[in-house]
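Asks: The primary structure of each chain is shown beneath.
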Amino acid sequence: MINDTQWNLWEVFVQLKTGKPHEHVGSVHASDKEMALQNARDVYARRDKPVSIWVVPSDNIVATIPQDNEAFFDPADDKVYRHPLFYKIPKGVSVDIH
Amino acid sequence: MTYTDEIKKHLSIYAQRHGDDRLILGHRLSEWCGHGPILEEDLATTNTSLDLIGQSVMWLKYAAETDGLGKTEDDMAYLRSEREFKNVLLVEQQNEDFAYTTARQFFFDVYDLIFYSELRNSTDETLRGIAEKSVKESTYHVRHSSEWMLRLGDGTEESHQKIKNAVADLWMYTGELFFMDETDEILIKEGIAIDLNKVKTLWYENVSKIINEATLEVPSLDTFMQKGGRKGIHSENLGHILSELQYLKRAFPTAKW
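Heads up: the sequence lines are chains X and R, in that order. Quick note: the first sequence uses this note's numbering, first residue 1, plus one each step. Quick note: the second sequence uses this note's numbering, first residue 1001, plus one each step.
No lab work stands behind these hints: they were computed from the structure. Don't be surprised by glycine CBs; every beta carbon is placed ideally from N, CA and C. Take the hints with a grain of salt, since some may be wrong.
Selected chain X positions facing chain R (in silico; Cβ < 7 Å) [unchecked claim]:
(1) V28
(2) E34
(3) Q38
(4) N39
(5) V43
Given only the sequences and the hints, what does the whole structure look like? Please build it.
Replies: As C-alpha cells, then:
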C-alpha cells in the first residue's frame, strides 16, 4: 500500500483453555513477532486469562473471496448424507451438528 | 505480627517510599492514555500503569496500618502533600516523548523485578505477599520495556538519537533507587527490608546488557546522582502531578466511586 506507514498486521488467536481451539479474536499492528505477541497480550488478554496466544502475519493467511462462495460453499447445502444423522447415537454422547 | 512502635514507624516509611514510587509512576504512565503512539502501545502503557497503581494500593494500605493513626490507603494517596511523598525523583520525571518514557520505565522495571524477587524472602508476611503478587507483573514490564530499548536503540537514526538522549538525561536519577538510610538499616536487621546494594549490582549488570545490545553506551555508576525524593525533597514536577491526582478528593472530600 502506498503511503501506509503502519507496521505489519498480525492476526491474533487466543486459547482460553487447554484442549480448546485457538480462536481468532482480532488483529494488531507490530514491527516484528516479539512485539506482535506482546501487543496481542496487551490488547486481547486484559480481561480473560488465556493459556496460549498465537500471532500470525496477516499476509500469510490465504482466504476465499466472496466471489468464491457459490462454488465453494453452496454445494454443501443439499447433501444431507454428509451429516452423521443416520446412526444411533449412544446415550450420553452429545453431537454438535451445525 | 508484634513489632515495636519503632519498627512500625520505619515500616510505614518503608511502605510509603515503595508505594509512592509506584503511585507516581503509575500516574505518569496514565497520562499516556489516549495519547499512545499506536493503539496497542496505548493499552500496554495503561496496563502497566494500572499494575503499578494496584501495587501502590497494597503498599499504602500497609503504610497506613503501620502508621497507627487510623488512616486509609486513600488518605495516603490523596491527602498528603509534596513534602510527605517519598518517591524517588526518577518516577516523577516528565513523559517528554516515547523514548523518555521508555528509558524511565526500563530503569525502573529492571530495578522493580530484582527488588521484588529479593523481597520475597522478607520475614514480613505482608511484604512477602506484595512481592509474590507483583513479581509476575514486573517480569512482564521488564520484558516489554527492554524490547523497546532494543528497538529504539538499534532502530532508525532518529530513534537511536532520542533514546540516547533519554538515557543520558535520566541516568542521574537512577542512583536514588538504591538510597538507604536508618529506616533500611533497622528493617534489614529484622530481616524485613532488603539490602539495596545487592539490588544495585544486579541492576547495573542487567541494565548494561540491554543498553549494550541496544547499541548505546552504558553510563558509569560513579557519576553525579540526584537525590532527595526519599526524604520528601522533590522536583517541581511532583506538585503538578499531585494537583491533578488529588484534585477530586480534595475538592469533593465525600465523593464516592
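Asks: Going through the numbered hints above, which ones does this structure break? Give me the numbers in ascending order.
Replies: none
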